[in-house]
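These protein sequence lines are chains A and B, in that order. Numbering follows this note's numbering, in which position 112 of the first sequence is assigned residue number 98; successive positions increment by one, without gaps. Numbering follows this note's numbering, in which position 71 of the second sequence is assigned residue number 57; successive positions increment by one, without gaps.
Honestly, the hints are just simulated from the structure, not real lab data. These numbers were taken from a predicted model, which means no experiment stands behind them. Treat the hints with care, since some could be wrong.
[Stated by the list, open to error] Simulated restraints, written as ranges between beta carbons of each label pair:
#1 A/T94 to B/A104: 56 to 66 Å
#2 A/P63 to B/R92: 44 to 54 Å
#3 A/L248 to B/D277: 55 to 65 Å
Using N, Cα and C, we set each Cβ at its ideal position, and we do this for glycine too.
Number of protein chains: 2
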Amino acid sequence: MKDKTLLMIPGPTPVPENVLLAMAKSPVPHRSSEFSAIFDEVNEDLKWLFQTKNDVFIFASSGTGAMDAALSNLLNPGDKVLSLVIGNFGERWAKIAESHGAIAERMTVPYGEVINPADLEKRLNEDVNKEIKIVTMTHSETSTGAVNDVKTLCEIIKKHGALSVVDGVTSVGAMDIKPDLWGIDVLVSGSQKGFMIPPGLAFLTADEKAFEVHKQCKYPGFYFNWSSYKKSLAQHTTPYTPAVNLIIALHTALKMLKREGLENIFARHRSNAILLRNSLRNMGLKLFVDDDKKASYAVTSVYPPEGVSVGDIRNSLKNDYDIIVANGQNDLKDKIFRIGTLGFVSERDILTVVSALNAAINKLKR
Amino acid sequence: MKDKTLLMIPGPTPVPENVLLAMAKSPVPHRSSEFSAIFDEVNEDLKWLFQTKNDVFIFASSGTGAMDAALSNLLNPGDKVLSLVIGNFGERWAKIAESHGAIAERMTVPYGEVINPADLEKRLNEDVNKEIKIVTMTHSETSTGAVNDVKTLCEIIKKHGALSVVDGVTSVGAMDIKPDLWGIDVLVSGSQKGFMIPPGLAFLTADEKAFEVHKQCKYPGFYFNWSSYKKSLAQHTTPYTPAVNLIIALHTALKMLKREGLENIFARHRSNAILLRNSLRNMGLKLFVDDDKKASYAVTSVYPPEGVSVGDIRNSLKNDYDIIVANGQNDLKDKIFRIGTLGFVSERDILTVVSALNAAINKLKR
């Protein structure tokens, strides 16, 4: 019996059955009043989930597409970007900046750690000529399970005058993040995470200050051009054919999320993550991010116990219990494994993965 | 009873039931051997459908994303592009080129007509200093239903030395197009067309000559960078999270297409389009592209009969018969309507739409 897979990775995350069934309906024509009515509701619900009064653009793309769209709409060759790097996805911002001809300076901490706001403040104070145009950061770093203090970091950036560009791929819909209140200028996310739908949609919201900078961008490209999405959104549609079935799925998922309520969603993610973290500690396992205050509620990274490999644990969970957890990435591959707890994940799922992990380790140690 | 919609628009096209059901399964983790095995089969089958020995990259995006990816990977600011424009999608190539800082020259014909190869030859002969780096064109122009002679045009471009970049969005999987044999350097397409799956995936294949030019591109951007897709494809995966459910749907659809066979697919589209065109003529209707040799087999544009509006026809087809046909675009809006016949469309669907159109017009003329 191998058809009961429990996905406990930081994306794709489990999709509710009624969302899958909504997605499986025949495509709706996208230039129709029926689609526009659904699309309008989705846009309103996205603003609610993103806690913003600004538009949230929907791209047919991976989350990385929205990251690229964030910087390609702002940068001109030679511009200077400061990238706060606490893991692979923080590093990705720097690479994207460079792919558009910008100069990326990295402020890097050992992976598992987070950016110290005082260090950012010091660096920005040194930038007396205001050469740094954009500061990029990751909220919940999927590769490590650490979480930056976005609120404090964005306050510091605002004082300097640079734009803050934030990766909320594994935080929006899982952890509290308030772009309007915290002064985040650009925030992006992806569908296969807190949104409880399969991969293929990405989201971007930008404030007025970011739009002003966008207007100075000489070659923003075509597909991801913010101005096209803004213009079409006012006309209840998208500039290019949207991924209609994924948007129908999103429509259903957002209604479920609204019924649960923002505070409940965040509380569920928090309590699930804390339950998981404490259970892992009780099993004698070492957490990669040990300080609960620096830990993401979306993904938890764990060291395997002495004498047991990451591969053994992942294989046993998969083969014996049909549970998928993620390996570490790049340098952390085979050093840690990662358990995703974002999206359509319940307390029962946490109990299940803890029980199975316990059983797997007992077997492997025997 | 309003749940039997027959989509007769040039995208999204009807999706077979077993493709919808395959898509509705829970997401597969994309970094797994299971997914890679499916992905490899999809890539082999795509090469078959695209009639190329080169890689076919799969993007999570609309078809326009692949068009943007074609030019963003080749152009540097100031480069010169010649865009052959026979409709809105031909014009889109020029706009994309300009969005990357290139200079786009348009060779435009009245919409409904196609490019005369002699005109292209004359223009390229004048370009003695070989300033034109790229020539863009549309194969099947979705906004008009006309079809360019891509084979002859690409032969002329090859003699000149420029790269040919071709929009096969509504032709690949519907009409014969042979990139390797015809010397097409870059060919793009989109999933909600001949591929029989919902929108959200786009495809691009580029030959060695195009890759050589790509290497000179200073700022190719990040998300659509060909080099990343090429590198990942060799490792049986994608550089960023793929739209896994759409790829599973594509896997199923490609198996169906292979069972039918390329020659049969093209013959079905041809005979369906000819049946439709002759039936419309027999009803006394005037075709926007009257010459069968210049007509797309993917979409047919029709003038409404004297005294009946496009809106009336579309409303009657929708409200009385649950059949969706498309309006004209931009200047052609409310002047013509367009009937899509690509993808999962059978002879029975043609008989159905003709009968319903006949009944609708009789009612409206009464």
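Hints versus structure:
1. Checking the proposed 56 to 66 Å range against A/T94 and B/A104 shows it holds: the Cβ atoms sit about 60 Å from each other.
2. Distance hint check for A/P63 and B/R92: the Cβ-Cβ separation is about 27 Å, which falls outside the suggested range of 44 to 54 Å.
3. The hinted window of 55 to 65 Å between A/L248 and B/D277 holds, with their beta carbons roughly 59 Å apart.
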